[in-house]
Amino acid sequence: MRANFIFSEVWIGLRRNLTMTIAVIVTVAVGMALLGVGLMINSQVSKLTGFWSDKVELSVYLCTKGSPFEPCKNRGAVTQDEKGTLEQTIKGLPDVERVQFENQAQAFKNFQSTESNTLLLSVTKPEDMPESFRVKLKDPEKATAVASSLKGQPGVSNVVNERDLLQSVFGFMDTLRNVALGIAILMVIAATLLIGNTVRLSAYNRRRETGIMRLVGASNIYIQLPFVLEGLIAGLIGGVLSGVILIIVKVFIFESIQTYMAAPLGWDTVAGVITGTMAIGVLICVLASFVTLRRYLRV
Amino acid sequence: MIHLDNVTKVYANQNRPALDHVSVDVDKGEFVFLVGPSGSGKSTFLRLVLKEERPNSGSIHVAGKDLSKLSNFKVPHLRRRIGCVFQDFRLLPNKNVYENVAFALEVIGKPRRFIRKVVPEVIELVGLEGKAHRMPEELSGGEQQRVAMARAFVNRPMILLADEPTGNIDPATSIGIMKVLDRINRTGTTVLMATHDAAIVDSMRKRVVELEDGKIVRDQSRGVYGQAY
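Heads up: the protein sequence lines correspond to chains A and B, in order.
The opening position of the first sequence corresponds to residue 1 in UniProt numbering, with each subsequent residue numbered one higher.
The opening position of the second sequence corresponds to residue 1 in UniProt numbering, with each subsequent residue numbered one higher.
These are calculated hints, taken from the structure and not from any lab test.
Careful, some of the hints might be misleading.
[What the hints assert, rightly or not] Part of the chain B face toward chain A, derived, beta carbon under 10 Å:
#1 L50
#2 E52
#3 R90
#4 L92
#5 E106
[Stated by the list, open to error] Some residues of chain B that are not near chain A, with every Cβ distance over 12 Å (derived):
#6 T8
#7 K28
#8 G29
#9 E30
#10 G58
#11 D66
#12 Q87
#13 P93
#14 R134
#15 K179
#16 M204
#17 K215
#18 R222
A quick note: this is a predicted structure, and the numbers were derived from the prediction, not measured.
Don't be surprised by glycine CBs; every beta carbon is placed ideally from N, CA and C.
Work out the full structure, taking the sequences as your base and the hints as a guide.
Below, the structure is given as structure tokens:
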């Protein structure tokens, strides 16, 4: 009896305010989807950071003949003696885990496999490639200190911290995430206001009913519940839509860039994000309904 | 049943009190007319009994409960024991007679079986048998007021408050309305009716409480509306 009555009231309310209900659903769906995308980017970035921080190395490039780098000017290629001294110096540093030497042939092979510019490939010869020491650190955080201590050693052309390269990628993803979260916050505000307005309209439409309910002694829960449930249902539908959007984003965007990412975003994370955003969406709707109700429905 | 002791009510932004040190006792089963010109405090009196308003001073007891000690949470339970009828009927236009009466029971969570049993009984009591499936717009004013009375009485309240129930109804039809109120009163329900209608008050010969500028100027059993009018 009770449940029947309340659900029929909810249904009437949603139908009477169909356009507003749709507005709420769409706003919640888009807002929660953006929030979800932001969270997904966030977890992708932290996964990548974890993945790469194990692998980042310092590359200590050595002078070749005619190298344009400042330290190599007015001198020839690095000598065998210098290489030996350098290797000992690097090995002697406390933060270094291991050192690997990459000769010109290896460097050329790597270059061939990663470079796609055919013109560049055709004019580059193995002798143009710099030799280098690949230095793996015990603690990746020390990279900057180690790099600066190796810069300026005789025979060193420059030191590249791979972390710096990754940082620019992460920086871009951070920006993307912040934009998504920023828009999500605006959408949440819009959703809250819309729900407030919907509840107000709904309360106005049903003022006769609620007036009589008050008069005959219906309890506050009985009077308020249909309004809160309206918000809850709108929020739930919006949340389900945002879940669908997030699955689409995962399949079509995250999967397609996965090849570059090396640390794929798993479905378990996506499921967690969807659950979280849906819960937030529903919570916002219910709270907004409840708060506006207090203002427009005297009980 | 209704006990007002030295009650004063001043609305915000008004310097003159709507009720000024009013004390009244209404016993169980009584029929009381509340008379007086517009603005004399009749509606305020009824609103105070329903706890729609709070008095500025004085105490009100309704059905054995001290209203000042009644938490907001319990106000709905007080109102279940009080039926209300108004000048403007306040029916739901999209529900028929039966549904309008049943609504009052549905919203306080009564079981459907109970509703099916008592609603037709009350519709018969107010004299609307055979019209249960009419919509309010298909009914005359008098019939609409009978629906409102059925709704007010369906939960068998201890008190029935009627705020100018005949205000929108012609004199001939009003007699029928008063007969229904009298019938409800005879079941043991206390009836408190605010009215302007001198003919009705005179014909019923019930207790009359007259208010003027928020003060009780007359309280007379088996009274009439008053010579001044």
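Now the hints, each set against the structure:
| no. | hint | in the structure |
| --- | --- | --- |
| 1 | L50 | holds (8 Å) |
| 2 | E52 | holds (9 Å) |
| 3 | R90 | holds (6 Å) |
| 4 | L92 | holds (6 Å) |
| 5 | E106 | holds (5 Å) |
| 6 | T8 | holds (23 Å) |
| 7 | K28 | holds (19 Å) |
| 8 | G29 | holds (21 Å) |
| 9 | E30 | holds (22 Å) |
| 10 | G58 | holds (24 Å) |
| 11 | D66 | holds (18 Å) |
| 12 | Q87 | holds (14 Å) |
| 13 | P93 | violated (8 Å) |
| 14 | R134 | holds (18 Å) |
| 15 | K179 | holds (23 Å) |
| 16 | M204 | holds (25 Å) |
| 17 | K215 | holds (28 Å) |
| 18 | R222 | holds (31 Å) |
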